[in-house]
Each structure stands twice: as structure tokens, then as C-alpha cells.
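Undergrad: Chains as they are written, first to last, in our numbering: chain A, 13 to 249; chain B, 134 to 382.
Bear in mind the hints are in silico, worked out from the structure with no lab data behind them.
Mixed in with the good hints, there may be bad ones.
If we take Cβ atoms under 10 Å as the criterion, some of the chain B residues that face chain A in the derived model are [as the list claims (entries may be wrong)]:
| no. | residue |
| --- | --- |
| 1 | Asp204 |
| 2 | Pro208 |
| 3 | Arg228 |
| 4 | Pro237 |
| 5 | Tyr239 |
| 6 | Asp272 |
| 7 | Gly300 |
Calculated from the model, a selection of chain A residues having no Cβ within reach of chain B, i.e. all distances over 12 Å [stated by the list, open to error]:
| no. | residue |
| --- | --- |
| 8 | Glu105 |
| 9 | Leu225 |
| 10 | Phe229 |
Just so it is clear, the structure is predicted and the values come from calculations on it, not from any experiment.
Quick reminder that beta carbons are idealized off the backbone N, C-alpha and C, glycines included.
Each chain, letter by letter, is given below.
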Amino acid sequence: MDALLALIDTNKIFNLTTLGHYWDGFVMTIQLVASSLLIGLIISVPLAVMRTSKNPFINYPVWFFTYVFRGTPLLIQLYMIYYGVTLIDGIQESVFWVIFERAYYPCLIAFTLNTAAYTTEIFRGAIEATPKGEIEAAKAYGMSWLKRMTRIVLPSAFRRAIPAYSNEVIFMLHASAIASTVTIIDLTGAARDIYARYYAPFESFLFVAAIYLSITFTIIFIFKQLEKRLLAHLQPR
Amino acid sequence: MKKTLLALAGVLSLTAHAEMDSIRVAVDAPYPPFEYKAPDGTLTGFEVELGNAVCQEITKKDCDWVIQAWDGIIPGLLARKYDMIFSSMSVNEERKEKVLFSKPYYQVPSAYFAPVKGGFDSSMTKGKRIGVQRATVQDNYITEMKKDAEVVRYTTADDMVVDLEGGRLDAIFVDAPVGEDMLKGKAKFAQSGEMVTQPISIFGEGIAAAFRKRDKDLAEKVTVALDKLKANGTYDKIMKKYFSYSIKV
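Using the sequences and the hints given, assemble the complete structure.
TA: This is how it looks when you write it as C-alpha cells:
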């Protein structure tokens, strides 16, 4: 601990102020990514169910949504939402301006919609991969559509989706770096500030890369544990 | 034989001197009126014209201009992508650790620009959102002197103006002529309050050209050339094209 404090004392870039700045950035990144993933997950479940519907009026709107949000770069989506809203006449005077004045909510909206689109498609695949036999058995028991969905299809689909979803979580973490382009001080934003202040690109970005790596490994670890528990029946014995 | 060789060497070194390579100079454009693209695509502005005059003095050629984003401008110099920065860079202690400066060639005041209707007052900044360009002296000033304000840092001045127009900022704090130029023709925005040049601990001695520390020779040549241009009226002529007030130091 003393050695660490001595190190902080002697180097110019990583003093308590900049470490505090990195910490704020870390909190912002975690907050942004966690909230957008959570909201995106909640939205994506009904969307995925709709997406598997045979009725085109239910299926196609969702298809269109996922097509647009998966087919365009997240950066463009963020710009459209962040800069786009200011062009709406009178938005600055309306009640919605509370949401759009700061960069945080436009960014959260962009991230949420983006991850919702990807997660919807992940779940759709998992739902469609439900073994026919399970559905037939459920039907034979006289289960209604709703009961079949909540008891048979969705629980097993969620389990099957875990490995693919863990990728989405990690991609989202990495994609969150673009929040710094609209003045949000997330981890990357903090690194940019410190880089610009001390003209030390290597140190500031290397440090932030190490933090991203640690978060990624934590996420991987959590999902490994989840898979061990929830996909135990698929593990080789 | 020896003599001819010597003579040849002399001629070669002479021509080598006369045929000196043009100096590669970095600017962060657009940063009007100091450096920006004219409608026909050519780079122009106060610093571009002055820089070319300096290069003409030294090499008899215009500078070889390199456009480089501000936040990478010093790393680019150190990486030898160009030999000189001529891009409104204020002299300060932190930069002196990395680069060598010429004698300052101008000093501009900074100023707040705000919506006319917003009633922004620079003496009451509590909770106000003030936009600055990241790692500029204006950034340092707001960060250190206006601790009660919320600093919003931008990579480019353009993004900052877009957010000011979008109603996301209460004011921006920039070099006065830059602000004037960016908000020209936008009646909703105006300069707010007095221009700011103090304290020197933040705003520094002025704007100077920057070089790698080992290029002492080039820095000296540029300082001499600038002195000459200031004395023979070329500097004033270029300045009057762009400014209604004096920025000469």
C-alpha cells in the first residue's frame, strides 16, 4: 500500500485527481451499460416473441426495427438521437427537454434500442430452436399458448441464449466507448481528457484498456458460472 | 583534383541550401479566422498567411501544411509527422515539457459567447453549463477559476457550437475572434461580458510556434523571421486583413 502511494506520488499522470476522474468514468460506463442492457433485455423479450409470430402485421414491424438498428452503426444512431432531437421545433421549451438537454439520456436511448435489437434476434433464434417434441408434448397436455410460452418455450430459450447473450453484453461494454463522442465522461472520455491534458496517449489509453479488460473478464466469469448452473444438463459428464 | 572536389562540394552544399525542403507545418483546421478552408478548398487564414510568410523567409517556399486534430497535435510533432506547429498554441509550462516554443507571435483574449436571451453573466456561473474545447487554456480557466460551473469538454469547436445552438449549453468560452467568427450571422448569440486575458499563469505569455526540443536551429530561424515580418510591416498587413483590433505582441 505504501509502495502504491509512493508510486502515485512520484508519477505525473496518475495522481489522485486523475484517478478520481477515471473512477467517475468507470462509474459512468458501468451505469450506462448496465441500465441500457437491463432495459434492452426487458424490451427484447416481448419483441422476440412477436418476431416469431406467423402474423406478418406482428412480425414485420419488429423485423424492421431490428433490421434498422442492426444494420446501421451505433455511432450514427447516437448522433441521430443526440443531434437530431435539437432540430425539432420547440423541443427546448417542451417537457421532453429535461430528458434531452444532457447527453446521458439520448445516449442511454441509443444504446438501449441498439442492444434491444440484437437481443431480440438472439432470443428469436433461441425460441425457434425449441425442439418440436417439447411443444407437441405441451400441446398434448392441453397447455394454452401463454402457458406453453411461459413454462416451456421461454425458460429453455433463455438458457440456450446465454452464450450468445454474453457476447452481446461484452460488445455493448466495448461499444459504450462512443459515449465519449457526445461529451459524456465515461472511461474513454476520462482517458481522452487525461490524454489531452498531459499529452500522454499511451499511458492514459493503456490504463483504460486494462480497466476494460478487467470488466470483460468479470463479465465472462459471471456468465461462466451462470452457464455452469443453468446449462448443467448440456455439460459433458 | 582535390580542389575540384572541394569546389564541387561547395556548389553542392550551396544548392542544397538554396533548395531547402519546405517546412512541414501542422494546423488544426477549421479554426477560423486563423486557419480554414476557403470555398475553393485552399487552406487560408491569419496563421496560414503568416506561416507562409515565415516559410518564405527561411526556405523561399510556402509551408507544407498538414491538417491535424488538436488533441493529437503534439504527439504528431514528436512522431515527426511535421516539424512545426503553427496553430494558435498558447505557451504554458505543461507544453514546455514536451516541446520547444518560438517567441510568441500573437495573443488573443478569450470571451464568453451566450444566447442573447439567456441572460448569461460570467460573474454568476453557479450550475451553468459552459462549453470549452478540451485541454485548451479556456478549459483550464473554467476548470480552475469557475469551480461552481459545469464544464462540458468538446473535441472540436464545431460540436460545441452545435450544442450551443441546440440549447444544451448556457455559454461557450473560446478565443474571442474564433467565437465571433463561428457565430457570425447568428443573431441569437452574442459575446457576453468583458474579454478575459488574466491570469498569466493560465493564459500564458501568448501564442507561439512549437518545435521538437532538439530542433533549436529551426526555432531560432522562425523567431528571427517573425521579428523581421513584424518590423517590415508584413505582419501588420496580414493582421489587418483578419482583425479589426491588434493581436500583435
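Undergrad: Would you pick out the hints that fail for this structure and give their numbers low to high?
TA: Hint check: 4, 5 and 8 fail, others pass.
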